[in-house]
Amino acid sequence: MRASDLLKSRPEGLYCPPGDFFIDPVRPVERALITHGHSDHARAGHRSVLATQETLDIMGLRYGEDFAGTTQAAALGQTVDVNGVAVTFHPAGHVLGSAQIAVEHRGMRIVASGDYKRHKDATCLPFEPIRCDVFITEATFGLPVFRHPPDHEEIARVLKSAAQFPERSHLIGAYALGKAQRVMRLLRDAGYDRPIYIHGALAKLSEYYQSQGIDLGKLEPGTVESGAKADFTGAIVVGPPSAFADRWARRFPDPISCFASGWMRIRQRAKQGGVELPLIISDHADWDELTATIKETGAQEIWVTHGREEALVRWCELEGIAAKPLHLVGYEDEGD
Amino acid sequence: MNRFAELLDRLVLTPSRNGKLTLLTDYFRSVEDPDRGLALAAITGDLNIAAVKPAMLRALVVERMDPVLFGYSYDYVGDLAETVSLVWPQPQGHIANRVPTLAEVVGKLQTASRSDGPKVLARLLDDASISARFAIIKLVTGGLRIGVSARLAKQALADLGQVDVAEIEELWHGLTPPYTELFAWLEGRAEKPKSAALALFRPVMLANAVDDGDLAKLDPADYAAEWKWDGIRVQAVCEGGVRRLYSRTGDDVSGAFPDLAAAMHFEAALDGELLVGDPREATGTFSDLQKRLNRKSVSPKIQQQYPAFMRCYDALQINGDDLRALPFGERRKRLEAFVSTLDPSRFDLSPFVTFSDWETLEKLRAAPPHPIIEGVMLKRWDSPYLAGRPKGPWFKWKRDPHTIDAVLMYAQRGHGKRSSFYSDYTFGVWSGPEGAEELVPVGKAYFGFTDEELKEIDKYVRDNTIERFGPVRSVRADRKNGLVLEVAFEGLNRSTRHKSGVAMRFPRISRLRWDKPSAEADRIETLQTMLDR
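Protein chains in written order, with the working numbering: chain A, 1 to 336; chain B, 1001 to 1533.
Just to be clear, a hint being listed does not mean it is correct.
Said to hold, decoys possible - Straight-line distance between alpha carbons at most 27 Å, and here's what the computed DSSO-like set of lysine-lysine pairs gives:
#, chain 1, residue 1, chain 2, residue 2
1, B, K1217, A, K271
2, B, K1053, A, K271
3, B, K1417, A, K229
4, A, K218, A, K204
5, B, K1138, A, K160
6, B, K1398, B, K1333
7, B, K1363, B, K1396
8, B, K1398, A, K160
9, B, K1480, B, K1459
10, B, K1444, A, K271
11, A, K271, B, K1499
12, B, K1333, A, K271
13, B, K1444, B, K1455
14, B, K1396, B, K1333
15, A, K218, A, K229
16, B, K1217, B, K1480
17, B, K1217, B, K1194
18, A, K229, B, K1444
19, B, K1455, A, K229
20, B, K1138, A, K271
21, B, K1217, B, K1363
22, B, K1455, A, K271
23, B, K1480, B, K1516
FYI, nobody ran anything at the bench for these hints, they're computed from the structure.
Here chain B stands alone, though its shape is the one from the complex (with noise of 0.2 Å):
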């Protein structure tokens, strides 16, 4: 238990990427069967726990000190499961023998009846450290809230196997926790595990990048163009009664889209674009999409408003053949003919662009005919489907980004490499009347330049500071004052949670604009017109 706590400690602090990876796959390493599969599966969220609500946790812990004395504990911590894992009174002359490990905790929670989970809760507590029962406390409010994805915990067993991600992703819902047979294969002392669980994930093919250059190489004919749909990927599988819709990654999210998966009464696997709206009649923005996003619950006022539909781009199996090893010109012939015979209101075809040379493409490319495409898409014909990005069969080709120019106002230190650098900036742009403009804040980035810059612009903060606030300065930033930075991004949504209004999406620094006055820096208004178009 206490390794699983320590875990979780180091994963919440841990800012990089890297040093995720190192602490899981050690983490992986150095631990035994079963706990570790159990600290997989609470990371990713398959460990199934009895919840228990704040309101008990808070009972259990008064009824075991003053209520005062807590109430001011809990208003300096300000979080409830740290709170009670930092006061919780070890019963007097209590001394747990040895400390129980991941497995006997989630057992004993796992057995619990509804009557006597808060009573099996405390004695658990009563035996933990403090970080351990601040683990428990987590895996009982459900939610670790520790930064790690399932993909970087799957990312974490593919480095401790030497395998590639997608052969975990493919094998992912097969498998149970404590995984097991997984481990094993993994560490080299069994074979790999053979899944007979139906609709399963099929690892997701991407697109690379189109480059400078990469055109003038290639034969427009040997190609095929679709509109880049600003949706979500989404692969759907039917498979003797078991539906399932995937994220890309292979997260299972079939419960936030109950309307599309009512009418998925196939038996295939298809790969597309989750959108909303009617395909027959009109395709919903980014906004309406989001009104579906990151919900627990969908209302059916919400379904109804906003219906979910998918747009398919190729099939990877139909009727228990595997096509994906079919060139593409093969599987988009068969994926016609079977999207024929779907529900029309849930169902289309990602449509051809036709074009003969790269540069109709590009002007068809520069002005797409819905607000919600973000480029055109390259897929050679003969391609095959792969799992992962191979390079060469399929291309990306997005639209420009937007710009603006925005200027500095905040800057925040980052980690690691750079904890002495201010690296992460608040940028705005200039609202209110003439003679009496302000800076309304518009978005944050901490990337796009070069480590010279970041030297320039650090140089420039701590020249500049204002005022401080912890790791934040603020900067000196008025009329005629200031530093303009070009910022890029790749769209603009409406936010009630900015001052501004206004929310970018993906920005990020894209030129230093020394030489700019910062007067003559953006107005709040460019961006709003942004969002009207």
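Chain A on its own, in the form it takes in the complex (with noise of 0.2 Å):
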């Protein structure tokens, strides 16, 4: 069997025409098989939903129980029959849930792995790699100049100046599903034992990480009705980057904006967003994590999506490994 033939790109997203169901679809359809709850990955509205436990949860959070017609919980490295092809869900490492699909028929092996990383992360299971013919990754951060450093380095730079400046407060601008939750469990793996006080687009999300078993420590509602100015003095504030250019974050007193992104990486990108300490702490792959995991696959081809294909693609050349961009539209970084 062709590889083209057991997926391809459509307007609504990954298709498989064998199986007849689509992965990460960006408009509803009948059946969608889905990688991870960001919601550029997970959109509400389609007939039918298989995604890991986590992911359902976190789809009826942000959407409300009602999001999907029926839905169907997918257990990692269990294989379900879908159509006739076979599918397995395996750890991606990118957030809580987030999986890899393995799609397999007639001896052709695709994995669609969704957004990955290969740094460790307290707040989900590791990424596995999986041999197969076609690997598709993402490319978000696919240009040799991205190089995440160690994340305990960058957790330990905002408590090193939370010591130089304690009259001031530090703002974490971190998205709201994921990353939020990876810098409040570093922060914590780091010492940090101060209430963490965080905006209300965290709430909901946060709460479910603790109740899966993730100790995030105590959290407090960073809300007017908390306190007054002096009450944030010395604190660390974790919310959404949209929450520090609003009114939302004038309560704190002369605060240090950071922000937790691999695009952090890039000094102009910081300078341009007003971000004073920038984190390097990223939920996807950087360029060396891409490239070792692309030959840890064994795969004969490559598929690049989201991102930028280019220089990647140019890798595999160079490599001797077939590649090819492959265009979906609709995807953002919301992850990062």
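Each of the two chains sits in its own frame; use the hints to bring them together as a complex.
Shown next as structure tokens:
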């Protein structure tokens, strides 16, 4: 069987003709398989959804319980038959519940990895490389300039700054699903035991993470009711990046704006965004992780999607691996 | 090395002066000799390292990686030093035993010969982390560009040792990297370093602005008045054959004014204003002076067209005698006698403005005889020459600022305390024929308003946004809608860089004109006539 007959790009998303299902469709479809809960991959309104239990829970929290007609939980490592096509979910290491989806039919195996990273992360299961014929990789940070440093070093810089500027508050911008909880967890692992103040947009998801046994310590709402300006002196506050440009941020004393993202690797990006303390913490694979993973899968063919396809395709050419960009529309980098 | 790299990374992104000072003093306190002194020298521009050309850097990196991938990377990042620091491939299996110190890096770079310089640089980059690579490349390509002046670095040293910054400035030119004896003194472990160097900078005496009601309390007979010339305050020092021209912060600017430096044949330290022109005939305007500023080299043609001269205010030392403790009147007499012996095309005296009462002086101040005069100076006849800005002996009484009414066009978010406020404003005035008027931006200001007013403008910006680009919002501004700002500024220069053809000096918001319809704001012609005056 040819790979392009097993999975192909359609306006709605990646489609499997023999199995009659889509992976991470951007428009409502009959049957959707979903890799993880970020809103550009997981949309509401499909007739039926197959995803990990955590991803289903997260979609329920974000869109309400009736986000899909029917749902089915996929257990990691267990193969499900979908119209004669063998489908297996494997951990992707991106956020809680994130999975790669291996699709196998008549001797052809394709792994759609969704978004992934190889850096260890205490808030989700680590990525497992799966041998396959075709590996579909993301390329959010698909340029040799993206090299993510160890995350604990980045968190240490926040704590050092908090000690240097005890009269100010530190506002860490981090996306609501995944990044925010990882940052909190890293703060705890670094020994920070004061309450962490959070923006309302993080409350439900953080509570869900805690219910899944991921200890984030004491979280307090960063709201006016909870205290006056002076109460936030020296505080570390986590919220979605958009909130820091907002009036909401005014209650904090002389804040130092921090932003946890792989994009912070580029100084000009930090500067333009008015970020004083960039934290290079990413839930996506960096250049070295992307290239190492491609080799580990043993795939003879690589399809590169959402991001900087051209550099990764070039690298594959140099390595003698067939590669092509797979043009899928509608994916942003919400996760970073 | 990593601590220095981290310091640079933080300084680049920290907008507030106090934040920078904290970062610098913490660094100087926690890092040992000689690294901290070398870092200081790198920041003040006193570190001598042979420069590596960008082309060489690029050649080094494409020897090590695919040029196409490098090309994609450079296109994306846009900055060569940063791109190279990020993509530099660590040699296979190569792990440095330990991170080299800044002193080791500087030592290797300084001792490398011209021919093995690139190889030495490559080895250093192999051993370094990404941030450290960036710092190393900045060291060898010259110019850290981290938004820290030498003056600010000296202030951080003053904070570290709890001493006056003037003391550091006075010592500075007698010291060399890594400044071990300076740090020892600042940490209370040694005596203040004594300098045997010649032609050192003497900290400058500065004036306070005249406030409302100040003059009523002062007797005009106690004060001499001079014009306040809007050039560059300089100090010319010659001692034992060493000649130096210093800026008022103690930076050596001799190199930018070789024509003036060549005319300094004397043994003295003089305080004055650097201007261009021939003092016997005509003094140049500020636009003329600008032709001599911020240049790496000054061509003979420019030197001839815009010769530099010094208009002398004061004498700190003449033929070995320190005059600073003498009263101003006495120093002035010595200065007059001394200046008469100097080359008259390069040195003249700042003339007195004669007056008997404040009203007369006020009239003179409002209508000065030359465009480069920005007000008058008042100096007590009995004042000694004191470092810094003592309150009372010297006053500056500036001409009232110019004002125009402009319309708010763009607003940008601020930093720190102001990071959630739109606090930097670009404003414009009308241009074009009647019926088809368009706003043309003429300047940008981020202060002059109260916190209360800031909140009001911020709300206005949010309610009237028509477009967003990153941290910038474009605000509704047409003939019917728009917020009129009264903008005060000190002067106007011609500019080829701005679409409007003018650039304001020191603009700030002086009043919010909620009452004024946007169509009644000023036109560009109003500014153009100010230029021609």
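Taking only the CA atoms, is the gap from K1217 of chain B to K1194 of chain B under or equal to 27 Å?
Roughly 42 Å between the alpha carbons, so the hint for K1217 of chain B and K1194 of chain B is violated.
Holds or violated: K1398 of chain B to K160 of chain A, with C-alpha atoms at most 27 Å apart
At roughly 45 Å apart (the allowed maximum being 27 Å), K160 of chain A and K1398 of chain B break the hint.
Decide if the proposed pair is consistent with the structure: K1417 of chain B and K229 of chain A, CA atoms, cutoff 27 Å inclusive.
12 Å, holds
Keeping to a limit of 27 Å between CA atoms, is the pair of K1333 of chain B and K271 of chain A held or broken?
54 Å, violated
Quickly compare the C-alpha distance for K1480 of chain B and K1516 of chain B to 27 Å and report which way the hint goes.
11 Å, holds
Going straight from one Cα to the other, do K218 of chain A and K229 of chain A come out at no more than 27 Å?
With a Cα-Cα distance of about 20 Å, the restraint between K218 of chain A and K229 of chain A holds, given a limit of 27 Å.
K1398 of chain B and K1333 of chain B were given as a pair; does the straight-line alpha-carbon distance stay at or below 27 Å?
Judged against 27 Å, a Cα distance of about 26 Å means the pair holds.
For the pair supplied as a hint, K1217 of chain B and K1480 of chain B, is the alpha-carbon distance within the 27 Å limit?
Violated, because 49 Å separates the two Cα atoms, which is more than 27 Å.
Has the given pair, K1455 of chain B with K229 of chain A, been kept, meaning a C-alpha gap of at most 27 Å?
17 Å, holds
Is it true that the CA of K1217 of chain B sits at most 27 Å from the CA of K1363 of chain B?
The hint holds at about 19 Å.
Next pair to validate is K1138 of chain B with K271 of chain A; report whether the Cα-Cα distance is within 27 Å.
Holds, at about 18 Å.
Decide if the proposed pair is consistent with the structure: K1480 of chain B and K1459 of chain B, CA atoms, cutoff 27 Å inclusive.
Measuring from Cα to Cα gives roughly 19 Å; hence the hint holds.
The structure does not agree with the numbered hints 1, 8, 12, 16, 17, 18 stated previously, though it agrees with the rest.
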